[in-house]
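Novice: Sequence:
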Amino acid sequence: MAGHSNYALRHLCRELGGCGLVCTELISSSIVKNSRARALQRFDWRPSERPVAAQLFGVDPAIVAEAARVVVDYGADIVDINMGCWVPKIAKKGGGAALLRDVKKATAVVAAVVEAVTVPVTVKVRSGFEDGVVTAVPFARAAEDVGAKAVAVHARFAGQGHGGAADWDVIAAVKDATSEMPIIGNGDVRSGPDAARMLEQTGCDGVMVGRAALGRPWLFHHIDMFLATGMQLPEPARAERARIALRHAQLTLETTTLPEHRAILEIRGQISKYRLDAPGSRQVRNRLVRIESYAELESILNEVAAAED
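This note's numbering applies: residue 32 is where the sequence shown begins, and numbers increase by one.
Check before you lean on any hint, since a few could be wrong.
[Claimed, not checked] Calculated lysine-lysine pairs in the DSS-like style (CA-CA distance at most 25 Å, straight line):
1) 135 with 123
2) 64 with 135
3) 64 with 136
4) 64 with 120
5) 120 with 180
6) 124 with 135
7) 64 with 124
8) 136 with 123
9) 124 with 136
10) 136 with 120
11) 120 with 135
12) 180 with 136
13) 135 with 180
[Said to hold, decoys possible] Label pairs and their calculated CB-CB ranges:
14) 178 with 317: 47 to 53 Å
15) 120 with 290: 19 to 25 Å
16) 333 with 176: 53 to 59 Å
17) 268 with 48: 15 to 21 Å
18) 243 with 333: 25 to 31 Å
19) 265 with 236: 25 to 31 Å
20) 192 with 299: 19 to 25 Å
21) 320 with 208: 40 to 46 Å
Worth flagging that the hints you see were computed from the coordinates, not collected in a lab.
Quick reminder that beta carbons are idealized off the backbone N, C-alpha and C, glycines included.
Please work from the sequences and hints to get the whole structure.
Specialist: Structure below.
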């Protein structure tokens, strides 16, 4: 979710309803320790989001613990440790999902953070790092023993990336292996019925949605409505999606800690996911990924909204 789950998206998801807890995009513990100015660009949470989780990744227990103290000093209500990222530039340094190769070391990172801060510590994991080797189960048990307050399980192995079907049986196994710690399921939840099936099949305590909400920040409201009433809401029409996308862009530029040009580059990737083209066309998307200014974006989105109205 790097480059996507900034304050603007998190706020929009909550504004549209149904989202219980938000988390920052992942932040390098080493950057927090060595380059406070760069780290501050990702310290974009606000009181209106509370409780908000700041997500850290790193390898050295002492460095991650120090970064945890910093983000808590800046107001984070929860420290979330990322042990789920499979991206090579992170995994090849031993961070993210690569920590799951060594349950003892991964547990030491959790223990150090728990000792360092007074707020709840949670962990996001994959089924395991190596295909077929499920380390999420022994790790979750160990993490609970050293004081973790929740574990979110993305039921794919690191090598799968986002491909293939998530194996929800892993989530169920983690739930069965832990005592009282809440387990949050993640993977292949794209609708209210998906969330209901995951809760029923795995016994997990909550559902996490990531990529499925990109370009669909209303998804949490749809899930919440289905779980509460059984009603499956329709997807917004193109005109409404364009208006929500414009709101997303406005929030980004009003609140970003990034330089304007870099913010526009991130907006390209965010807004292009709203599926604003007519069936069979890619014209709008192709224009969106080339924008250089907010004025260009506003013109394109207003065109889409007007055409549909």
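Novice: Against this structure, judge whether each hint is valid.
Specialist: Hint check:
1. 135 with 123: Cα-Cα ~19 Å, so holds.
2. 64 with 135: Between residue 64 and residue 135 the Cα gap is close to 24 Å, so the pair holds against 25 Å.
3. 64 with 136: holds, 20 Å
4. 64 with 120: Holds - the C-alpha atoms of residue 120 and residue 64 are around 19 Å apart, at most 25 Å.
5. 120 with 180: The hint is violated at about 28 Å.
6. 124 with 135: holds, 17 Å
7. 64 with 124: Given pair residue 64, residue 124 holds - Cα atoms ~17 Å apart, limit 25 Å.
8. 136 with 123: The hint holds at about 16 Å.
9. 124 with 136: Answer holds: residue 124 to residue 136 is near 14 Å, not above 25 Å.
10. 136 with 120: holds, 20 Å
11. 120 with 135: holds, 23 Å
12. 180 with 136: holds, 18 Å
13. 135 with 180: holds, 18 Å
14. 178 with 317: 47 to 53 Å: This hint holds: roughly 50 Å between Cβ atoms.
15. 120 with 290: 19 to 25 Å: This hint holds: roughly 22 Å between Cβ atoms.
16. 333 with 176: 53 to 59 Å: holds, 55 Å
17. 268 with 48: 15 to 21 Å: Because 18 Å falls inside the window, the suggested range holds.
18. 243 with 333: 25 to 31 Å: Given about 27 Å between the Cβ atoms, the range holds.
19. 265 with 236: 25 to 31 Å: Given about 29 Å between the Cβ atoms, the range holds.
20. 192 with 299: 19 to 25 Å: holds, 22 Å
21. 320 with 208: 40 to 46 Å: holds, 44 Å
Of the hints listed earlier, the one the structure fails to meet is number 5.
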